[in-house]
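Chains as they are written, first to last, in my numbering: chain X, 5 to 314; chain U, 631 to 924; chain E, 620 to 975.
Because the hints were derived from the structure by calculation, they are not lab data. Hints are not guaranteed to be accurate.
Listed next, with one range per pair, are the computed distances between beta-carbon atoms [unchecked claim]:
(1) R311/X to G646/E: 34 to 44 Å
(2) V648/E to N155/X: 11 to 21 Å
(3) D202/X to A948/E: 45 to 55 Å
Note that beta-carbon positions come from the ideal geometry of N, C-alpha and C, so glycine has one too.
Take a look at the letters that make up each chain.
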Amino acid sequence: MTEPSASMSTPSASSTVAGPAQSGAGTSRFKGAGNYLALLPFLFYVGLFLVLPTLIVTLGALSTNDGQLTMSNIAALFTTDVFLASLIKSLELAVITAVLGAVVGGLLCWAVVRGDPNGLLRQLVVAASGVLAQFGGVMLAFAFLATFGFNGLITLFLKNNLGIGMDMSWLYSLTGLAIVYTYFQIPLMLIIFLPSLDGLRQEWFDASASLGGSAWSFWRHVGGPILAPSFLGALLLLFTNAFSAYATAQALISQGCVLITQQIACQMQSEVILGQENVGKALALWMIVIVSVVMLIYAWIQRRASRWVK
Amino acid sequence: MGALSEKNALIERPRGAGKRRRAPAGQRVARLAILVLVLGYLVVPLLAMLEFSTRGDLDKATNTFPRSLQAFAAIFTYPNLVDGILASLQIAALTVFGMLLLLVPTMVWTVVRVPRMRRVIEFLCLLPLAIPAIVIVVGIAPVYQWMGQHLGSIGGSPLTLTFISIILVLPYSYRAIDASLRSIDVATLADAARSLGAGWPRTIFQVIVPNIRGGILSASVLAIALVLGEFTISNLLSFSTVQVVIYLLGKRDPYVSVAVSLVALVFAFVLLFVISRFAPGADTSTQRAAEEPA
Amino acid sequence: MTSTISSPAETGHGVAVVFEEMHRWYGPVHALNGLSIDIAPGELIALLGPSGCGKTTALRALGGLDVVDQGSILVDGKDMTHVPTNKRNMGIVFQAYSLFPNMTARDNVAYGLRLRGVDKDARNKRAEETLELVGLGAQSSRYPHQMSGGQQQRVALARALAIEPKVLLLDEPLSALDARVRRQLREEIRRIQIMLGITTLFVTHDQEEALAMGDRVGVMNAGRLEQIAPPAELYDRPQTRFVAEFVGLTNRVPGKADAKTVSVLGATVELLPGSAERGDVTALVRPENVRLTQAKDGTGRVLAVSFLGSLCRAQVAMRDETIVVAQMAASDSVGLFPGAVVRVGVVPAPVFATTD
Numbered sequence: 005m006t007e008p009s010a011s012m013s014t015p016s017a018s019s020t021v022a023g024p025a026q027s028g029a030g031t032s033r034f035k036g037a038g039n040y041l042a043l044l045p046f047l048f049y050v051g052l053f054l055v056l057p058t059l060i061v062t063l064g065a066l067s068t069n070d071g072q073l074t075m076s077n078i079a080a081l082f083t084t085d086v087f088l089a090s091l092i093k094s095l096e097l098a099v100i101t102a103v104l105g106a107v108v109g110g111l112l113c114w115a116v117v118r119g120d121p122n123g124l125l126r127q128l129v130v131a132a133s134g135v136l137a138q139f140g141g142v143m144l145a146f147a148f149l150a151t152f153g154f155n156g157l158i159t160l161f162l163k164n165n166l167g168i169g170m171d172m173s174w175l176y177s178l179t180g181l182a183i184v185y186t187y188f189q190i191p192l193m194l195i196i197f198l199p200s201l202d203g204l205r206q207e208w209f210d211a212s213a214s215l216g217g218s219a220w221s222f223w224r225h226v227g228g229p230i231l232a233p234s235f236l237g238a239l240l241l242l243f244t245n246a247f248s249a250y251a252t253a254q255a256l257i258s259q260g261c262v263l264i265t266q267q268i269a270c271q272m273q274s275e276v277i278l279g280q281e282n283v284g285k286a287l288a289l290w291m292i293v294i295v296s297v298v299m300l301i302y303a304w305i306q307r308r309a310s311r312w313v314k
Numbered sequence: 631m632g633a634l635s636e637k638n639a640l641i642e643r644p645r646g647a648g649k650r651r652r653a654p655a656g657q658r659v660a661r662l663a664i665l666v667l668v669l670g671y672l673v674v675p676l677l678a679m680l681e682f683s684t685r686g687d688l689d690k691a692t693n694t695f696p697r698s699l700q701a702f703a704a705i706f707t708y709p710n711l712v713d714g715i716l717a718s719l720q721i722a723a724l725t726v727f728g729m730l731l732l733l734v735p736t737m738v739w740t741v742v743r744v745p746r747m748r749r750v751i752e753f754l755c756l757l758p759l760a761i762p763a764i765v766i767v768v769g770i771a772p773v774y775q776w777m778g779q780h781l782g783s784i785g786g787s788p789l790t791l792t793f794i795s796i797i798l799v800l801p802y803s804y805r806a807i808d809a810s811l812r813s814i815d816v817a818t819l820a821d822a823a824r825s826l827g828a829g830w831p832r833t834i835f836q837v838i839v840p841n842i843r844g845g846i847l848s849a850s851v852l853a854i855a856l857v858l859g860e861f862t863i864s865n866l867l868s869f870s871t872v873q874v875v876i877y878l879l880g881k882r883d884p885y886v887s888v889a890v891s892l893v894a895l896v897f898a899f900v901l902l903f904v905i906s907r908f909a910p911g912a913d914t915s916t917q918r919a920a921e922e923p924a
Numbered sequence: 620m621t622s623t624i625s626s627p628a629e630t631g632h633g634v635a636v637v638f639e640e641m642h643r644w645y646g647p648v649h650a651l652n653g654l655s656i657d658i659a660p661g662e663l664i665a666l667l668g669p670s671g672c673g674k675t676t677a678l679r680a681l682g683g684l685d686v687v688d689q690g691s692i693l694v695d696g697k698d699m700t701h702v703p704t705n706k707r708n709m710g711i712v713f714q715a716y717s718l719f720p721n722m723t724a725r726d727n728v729a730y731g732l733r734l735r736g737v738d739k740d741a742r743n744k745r746a747e748e749t750l751e752l753v754g755l756g757a758q759s760s761r762y763p764h765q766m767s768g769g770q771q772q773r774v775a776l777a778r779a780l781a782i783e784p785k786v787l788l789l790d791e792p793l794s795a796l797d798a799r800v801r802r803q804l805r806e807e808i809r810r811i812q813i814m815l816g817i818t819t820l821f822v823t824h825d826q827e828e829a830l831a832m833g834d835r836v837g838v839m840n841a842g843r844l845e846q847i848a849p850p851a852e853l854y855d856r857p858q859t860r861f862v863a864e865f866v867g868l869t870n871r872v873p874g875k876a877d878a879k880t881v882s883v884l885g886a887t888v889e890l891l892p893g894s895a896e897r898g899d900v901t902a903l904v905r906p907e908n909v910r911l912t913q914a915k916d917g918t919g920r921v922l923a924v925s926f927l928g929s930l931c932r933a934q935v936a937m938r939d940e941t942i943v944v945a946q947m948a949a950s951d952s953v954g955l956f957p958g959a960v961v962r963v964g965v966v967p968a969p970v971f972a973t974t975d
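Excised from the complex, chain X in its bound form:
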């Protein structure tokens, strides 16, 4: 016998080798500054194409056409009925589709997560959601027209087979817009929320059951509270998404400026009332404010939630 093994059981504490010092530690202050230099191209680019437009919008919103400082553009949101109405419609649409998308999307997440994590169903649904969440705007509008439009699949089906002649003009109203928006809100919810559901450990469920809990008690005391922050966060993201959307509405309701995003576009392209671009900028500034507030709330929720789950 050449190399017999003294069959050892699990050894006692083995010695550990000290790891290398954190890279970059101990470099001189000059070198430290140099490190930041390498980030300049990125910061410059982002500054130019992101911060600059924001500045242009802000300054324009606060200026009259002659360059004087004024608050009248900003106040125009409240003084002009059309503007206020478009804001309210945008908010309504955003809230409704966010809630719908969150609830239905959440249920879909649950249904998907119960299955095989590596199975085909899950892979397909996740991949499809990745695509459909981006499938907004013009293409989606046409898809719905192909379904419910004058010559659409469902319209013709109802007319020819069931003798029902439906008036499909609802598609071009806010109701129709809501239904179309929900179409991309649901996949977006899946993408955002599924990882959180994955984060629910099986041990928690098992522990709850072993202590006498039913599925309901688990969700009520453990699962629900743990998921609540990410659910709310996802809801806020869906809100922002719907609030900021332009293309879908434009493709379905091309006449008129119903939503605030369309209103801004109208102001920008307005040939009737020249020199109204600054009002458009003011409305844009209002949008930034609203979205920023929502994102701040979102960030606050995220920070609170990450305390618990590492």
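Given chain X, work out where chains U and E should sit, using these hints.
What follows is chains U and E alone, placed relative to chain X:
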């Protein structure tokens, strides 16, 4: 008690054994109902697109539409449409290139050399999510006006959309690459490479980048999907990208518009499905790419 | 190894648990292969084995977290095989991460009581008492993420005990902790278990743990129970080759077997039942049974000596290049150094022998 059972080899496995614990019946029904209803809702418009775009001319006798690919063939009869598709593809390619050039070295450098800036970079990359496209275009329009007036034909070309497209894809691409970077120990890899004598360019391109291939692939595919689907900025800056052309065409020839939309959709779906199959870990990257910062 | 009390407590909540011919398949894998165990009331059975041997499957089956394809489980005489988890009233402690992160330690421990309708003051009081029992009375308002791994496992134990379960199941509860905490906590768990007299199933892959804690230790391999016996008996008189090789350290030394004895390292020792009985065999000799004597005419040459506190282990090369490990009290290792020439012998303890 408890000695080896002699008869164990002869025990036959009963039917139905080996399954996972079955969920209660109520749960299974609920799950099935949700999947059918929701996925059905999502699939119907896609089927409608398919049916719509494969219609031939109406057969007045039977009042039905025969199947035909004439709508797809007609795509090529609209030079604007073909130009728009080409323009969008070119912008997509340039955007991917620009995004990778901008993001990858910056992100790797941040992780390895200036970890303190990670939060700042992350914030900047996710900022575009918070600023609606309509707002960006209102603010960037003067810049593009200037470019069109002073930079001649280059300034007026749709390819200049690349600059703003890179900004638009930042959030998604950042998250994809970030997920990849977090899954490997970049600092240790860099230390190991450097201790073996590699300089920084070599370390980044030969050691680190090959290990984040999944994230890079994911980031690129997301960028392509986003550029192909972009409408708002192109429309308001009067550039004829594919979505704008589809929109304008929609009033005149809905069949071709739907056909092109379907092609774009299938293309994006195939791309994303491929990366989820061939780039393991890219699945979570795609998922987290749409998330906001923690 | 701490000495264990051989008879379980008469007082306490202990009930008898019986596994009868349990079978479980995962696809083609036969995870439990005719497992049968009788656990006496108040007894702590340690299930020991390599990963994949089925010990966790057995525990999960007992807890109702997994189904049994064939066979049955009896608790206190009643058939529990098809009773759902939340009706079994068993306390389970998982390896890690099982505390509810959104609740304080107190709320975690009180959870089971809350589900049983105990009112707030009563359940909080009981939770605090149970936390005292595991030594965490001062930490009751802390959240899991504010505690160390060891503290979290104590809370998990308290939570399992708070509902006064009939059976306590511990699924590798110490495996995720570092060595010192592990040793400390296992002694506390054993103390509490004896005090309360709860029938306990303790699953681990760590031998030291199993031998230290169990009233009896069951060694499992590939879904089968190889041997179940009190720790000393398992250690000194293994009944199968797997147990002989798995438990404790062994040297594989060539020898010659002859019916009931084997001659190895110049001595004739008794063969354990189940060994190979004739011809050239490999005898499994424990290091502490190897005797080294300094002798100029010795056949062994010391290669290395490891100091382990109260013990020393020496690696000795034999003439045929076999390496034998000897273990002795540190005080007996004087004069042993790399290069020393020694005579290698063996005490007359029974050994297990195999054919290869």
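Hint by hint, here is what the structure shows:
no. : hint                         : result
1   : R311/X to G646/E: 34 to 44 Å : 40 Å, holds
2   : V648/E to N155/X: 11 to 21 Å : 57 Å, violated
3   : D202/X to A948/E: 45 to 55 Å : 53 Å, holds
Going through the hint list in order, the structure does not satisfy hint 2, though it satisfies all others.
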